[in-house]
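Participant: Sequence:
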Amino acid sequence: MNAKGPPANYRVRIVENGRDGEVIYEEAGRALSFYWTFGAGAVVTSIAVGNAAEWRRDHSWAADRRDEIIARIGAEVIRRRAPSCRAEIDETGRHLNILADGAPAAPGPAPARTAAADFVWRLNKAKSKMSMIVLVLALVAGAALLAGRSALTIKTTGTPIGVSARAGDFIVTPISRLEPYIPSPDRNHGRDRYATGLLIHSARDAGARRYVAVSEGMSGGDAAKLRIAGVNGDLVFLDGPQSAVVEAASARLMDADAAQDAPAPPRPKGAEALEALHSAERRLEGFLAAPGEAGAPALAVADGAHNPFFLRAAAHGDALRLQGGDSLVIFHTAPYRAGVVVIARVNAAGEFRWRTETALGRLDEALPDPARPAFIGARPRVEGKVPEPLLVVIDAETGKAATHSLLVE
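Numbering follows the numbering used here, with no gaps: position 53 of the sequence shown is 101.
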């Protein structure tokens, strides 16, 4: 008998379990498994390979090559376990019998062994199918579990913290958000974790909005400490538990080495500090007044205008002058945040060039600019709802307003 090994493109493995076992044929990443048992009389071993109909049903990928594969299995079993024997298919076409050399062809193994082989062969097929069903069910259950966890996860929204600032042509706003979580009856809010970042809007391009993640996994107290420490050109310096430098134009969080080399912002000088360094209260002091606040208005604009004020170029500075000497006036259409904030451009004679009603019901911050002043606040009050924080950028030439939400989904 030629003892050469089988061709490299297939492999036959023989698994023994006492007086029976499995013969496994492997080819191109696929496998066929057949039950074998010791025979009786001239039959040394009987392998339940199944007939052609069973192959078409159970092994369709190999059905056309059934005879070739069975011959390979027989040759390999003989080469490794019974070199003096020969292999023949019995008259039922379902069993490959390994016969002692010189013995007459047997019609098949003994009835008891045939029944046992058939039963085990069918059992193995059932086990294989059941394993496949269990695998599919497990995959479906896993997908359902993941989908369920996703459906149950509370998705949160980022909101502004601290004061916004101008960085060149950009308006930058620090953001904090509760990280998504799965609700539970015994949820410990002390374990809540927050992420922080910087929301960037272009004052020139109303469609340009980007978000830069700064940190994650922080406690609520630490996340609330994030603030803008200063601005130099389009570099924004953030201070807090995790300091960082963000390049507004590219929406890029600078690495530690680049941040270390970044030119620091100028130091503020008293009341003339950089606009980016003013607190909300300091920014509005002598600059804007909330509806209902005591004090004579700077200009009586018209009936129905409440608390009108000129927009200053800086805190405690002169009024902002636009091209041609015009100024911007800010007022409310109704007291106590019942109306909206109006921005109007007036000339030296007090005449309106344009008047724009914004989406703001409350004004928190103003970032002056001769071309595109920006205003930050919230929508008018609606019973039972938290007003959405907004950024409004005004084209000083036309009065056109670009309104942006400061919520981060």
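Keep in mind the hints are simulated off the structure, nothing from the lab.
Accuracy of the hints is not assured; some may be wrong.
Straight line, CA to CA, 30 Å or less: simulated DSSO-like cross-link-like pairs of lysine-lysine [stated by the list, open to error]: (1) 273 - 448; (2) 203 - 448; (3) 203 - 273; (4) 448 - 433.
Label-pair distances were calculated between CB atoms; the ranges are [said to hold, decoys possible]: (5) 309 - 240: 16 to 24 Å; (6) 58 - 183: 21 to 29 Å; (7) 372 - 433: 16 to 24 Å; (8) 64 - 204: 44 to 52 Å; (9) 362 - 451: 19 to 27 Å; (10) 403 - 231: 26 to 34 Å; (11) 386 - 448: 21 to 29 Å; (12) 298 - 433: 35 to 43 Å.
The beta carbon of each residue, even a glycine, is placed where N, CA and C say it ideally should be.
Participant: Give a verdict on every hint.
Facilitator: These are the hints, each one checked on the structure:
With a C-alpha separation of about 35 Å, the suggested pair residue 273 and residue 448 falls outside the 30 Å cut-off, and the hint is violated. Among the hinted pairs, residue 203 with residue 448 is inconsistent with the structure: their alpha-carbon atoms are about 34 Å apart, more than 30 Å. Simply put, residue 203 and residue 273 have alpha-carbon atoms about 23 Å apart, close enough for the 30 Å limit, and the pair holds. A hinted pair counts as satisfied when its Cα atoms are at most 30 Å apart, and residue 448 with residue 433 qualifies at roughly 28 Å.
For the hinted restraint 16 to 24 Å between residue 309 and residue 240, the CB-CB distance of approximately 36 Å leaves it violated. In this structure the hint that residue 58 and residue 183 lie 21 to 29 Å apart at CB holds, the actual value being about 25 Å. Between residue 372 and residue 433 the Cβ separation comes to about 41 Å, which falls outside the hinted range of 16 to 24 Å. Separation of residue 64 from residue 204 is about 60 Å and departs from the stated range, judged on CB atoms against 44 to 52 Å.
Against the hinted window of 19 to 27 Å, the Cβ-Cβ separation of residue 362 and residue 451 comes to about 25 Å, which satisfies the hint. Taken as a hint, the range 26 to 34 Å is violated for the pair residue 403 and residue 231, whose Cβ atoms sit roughly 47 Å apart. Against the hinted window of 21 to 29 Å, the Cβ-Cβ separation of residue 386 and residue 448 comes to about 25 Å, which satisfies the hint. For the pair residue 298 and residue 433, the supplied restraint of 35 to 43 Å holds, since their beta-carbon distance comes to about 36 Å.
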